[in-house]
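Q: So the sequences go chain by chain: R and A. Note that my numbering gives residue 150 to position 150 of the first sequence, counting from 1, and the numbers run on in steps of one. Note that my numbering gives residue 1165 to position 165 of the second sequence, counting from 1, and the numbers run on in steps of one.
Treat the hints loosely; a few may be bogus.
[What the hints assert, rightly or not] Okay, the calculated beta carbon distance ranges per label pair:
id, chain 1, residue 1, chain 2, residue 2, range
1, A, Pro1281, R, Thr195, 38 to 46 Å
2, R, Lys280, A, Glu1128, 33 to 41 Å
3, A, Leu1006, R, Lys87, 48 to 56 Å
4, A, Met1096, R, Glu361, 51 to 59 Å
5, R, Lys88, A, Met1096, 30 to 38 Å
Hints listed in this document are in silico derivations from the structure and should not be mistaken for laboratory results. Cβ atoms here follow ideal geometry from the backbone N, Cα and C, with glycine treated the same way.
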Amino acid sequence: MKTSKAVAALLGLIALSLAGLVLAADIRIGVAEALTGPAASYGVSNRSGFELAADEINARGGINGNKILLIVEDEQGKKEEAINVFKKLIFQDKVLMIFGPTLSNSAFAADPIAQQAKVVVFGTSNTANGLTDKAPFIFRNSVMEADVLPITVDAAVKHFKLQKIAVIYGNDDAFTKSGYDVFKKVLEDQKIQVTTTETYAKGDVDFKAQLTKIKATNPDAIVCSCLAEEAASIILQSRALGITVPFIGGNGFNSPKLFEIAKEAADNTVIGTPWSAENKTPANEAFIAAYKARFNADPNQFAAQAYDALHIVAEALKKIKLTGTLEADRLALQQVLSGITWEGATGHFQFRRAAPKDGVEGGYDAQQSAVVSIAKGGKFILLK
Amino acid sequence: MFEQQLLNALTLGSVYALFALGFTLIFGVLGVINLSHGAVFMLGSYAALLLVSKVSLPLCLALLIAMLATGLLGLIIDFLVLKPLRARNAPHLIPMIATIGVAILLTSVAQGLFGAQVQRFPFGTVSEASFTWGNIHITVLQIGIVAMALALMALLLVIMRRTQLGRALRAIAEAPKAAYLLGINVEGLFLLTSFVAAALGGAAGVLIGLSFNAITPFMGQPMLLKGIAVIILGGMGDIRGALIGGLFLGLAEVMSVAYISSDFRDAISFGLLFLILLVRPSGLFGQVLERKA
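With the sequences and hints as input, model every part of the structure.
A: Written out as structure tokens, the structure reads:
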């Protein structure tokens, strides 16, 4: 009798100390990004941003003595995989919260799982409208296209004195299509004549038929809701056809790839983005220098947003006393996170609560102003 | 605008034809729809890219070595995958499914090696000069692609029609067992065909990588779909068919964008394809398969 009690007590002690060890050792954070597949160029950039921020935080001694442990999973840019990865991270790895997924498409499928389990999910590259509706556990610091594009078009129209614009976009991709919807509305609102609207499909490499048609309508500029690689090809091919007018683009253009592929042909392209390498704030310059030192490559917007996102979460975690009870800690994070403000690589950041729908509270979008830039000599500079 | 669109159609069609040549050759001789052709095409592009950017070889040499490398890859695929299946008399669908596996494997390897990001040949690899002729703009590369498609097709046609080798290949295509009994080295010619078809795919990869600046591990997939359409339209296994089918698809796509709407491009061009196959089920040049009792 006595011995068994003693053993039980001993076991209990061991269990307690083990739990204590785990508690002091790390804060488990899930990262679900597309590391393979066509969306990998964004997912890998996101991951680099998280890794850089985690290393910085851990090098400074972690958060209240606790190190951050990133558990990185590949969701392949697919809805089904994103759902699997979310389930694994939440129920098996028992993470405190999740960053990701890479694409808005996957976020619509996987985020409800986190919402249901009452786990904070924080998107750094999901720009589609409506993602945070009715889901108070969904956060994002990616600025929606609907906030960025009106400012961009307005700046371009004033700069070049534009009157008529042609449009080209990819019509089978959630991102480029939703970008087009916003562009269309903005052009209508600003009463700018649209000469023609052309589309292409994912995987197309030859855009000359569409561009020849656009050329015949003689526009002052071309609005392009495309990803950077497609945009670069479109710009190169339009120059080969003798089209010299400027391009106007969205978030997708903001990648070093644009100039790697198109170089000076992309000059005069106007874009609006949440982040620019030319934004010379101390926080941004520190980020760029650290990124170059660690990865030996130029950072892009996706790395910057991921980097900021982890710092924002770290700010919140500093204000929480982790209890070790997963449910309570997850809830505490959700409540503190929404109030965090941060001066990061992407500038001043705070959350904006999504409007309630059907009486259900929404999640948290980014409240951040866009930077409008123009391409000159193979890089983006601020448009003034 | 019409002249420029016609030119656009010609170059786009030649791109499809270039891709379809190797694809149709392997079907014509081996009777296999080789779905790894897209991945081989992609690797050709990467091989030349590496040779030009890392070893700074001149483009012509890089093109030749890339063709050789993809040819060897074709040999390996044949040796490791298709040959064992032939030896076991596997039904037609089996090699096709096996080549899907090869395609996935090669695509994943390429992604592991080179990353998912789009790459391009270094600036100045080919002259970016373009000629302007009234309303028409054409680049040196576009001329190169059209010329290459025509030249390779002509070369293949001459080999198939006029040489002993071609006669042997046609005999094999007709009846491999009978050809074997006549003393033709069937296995050897199968390997040769796999080599040549893969080398052609590699060449197409280099040219398309050059002209569209969009080299990714996934560049083979959309091309494969168009390639299948082209060889079905042209008549499975027919070399002239690959060219005509390619040009037709290019023309249909460009003209539906130019005069109807880019939204309906694929609907129109593939709808037309369907109509043609209704009238001529064996394609433009294909022979109706006889039922062998």
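Q: Hint by hint, note whether the structure agrees.
A: Hints, verified against the model:
no., hint, result
1, Pro1281/A <-> Thr195/R: 38 to 46 Å, "holds, 43 Å"
2, Lys280/R <-> Glu1128/A: 33 to 41 Å, "holds, 34 Å"
3, Leu1006/A <-> Lys87/R: 48 to 56 Å, "holds, 54 Å"
4, Met1096/A <-> Glu361/R: 51 to 59 Å, "holds, 53 Å"
5, Lys88/R <-> Met1096/A: 30 to 38 Å, "holds, 34 Å"
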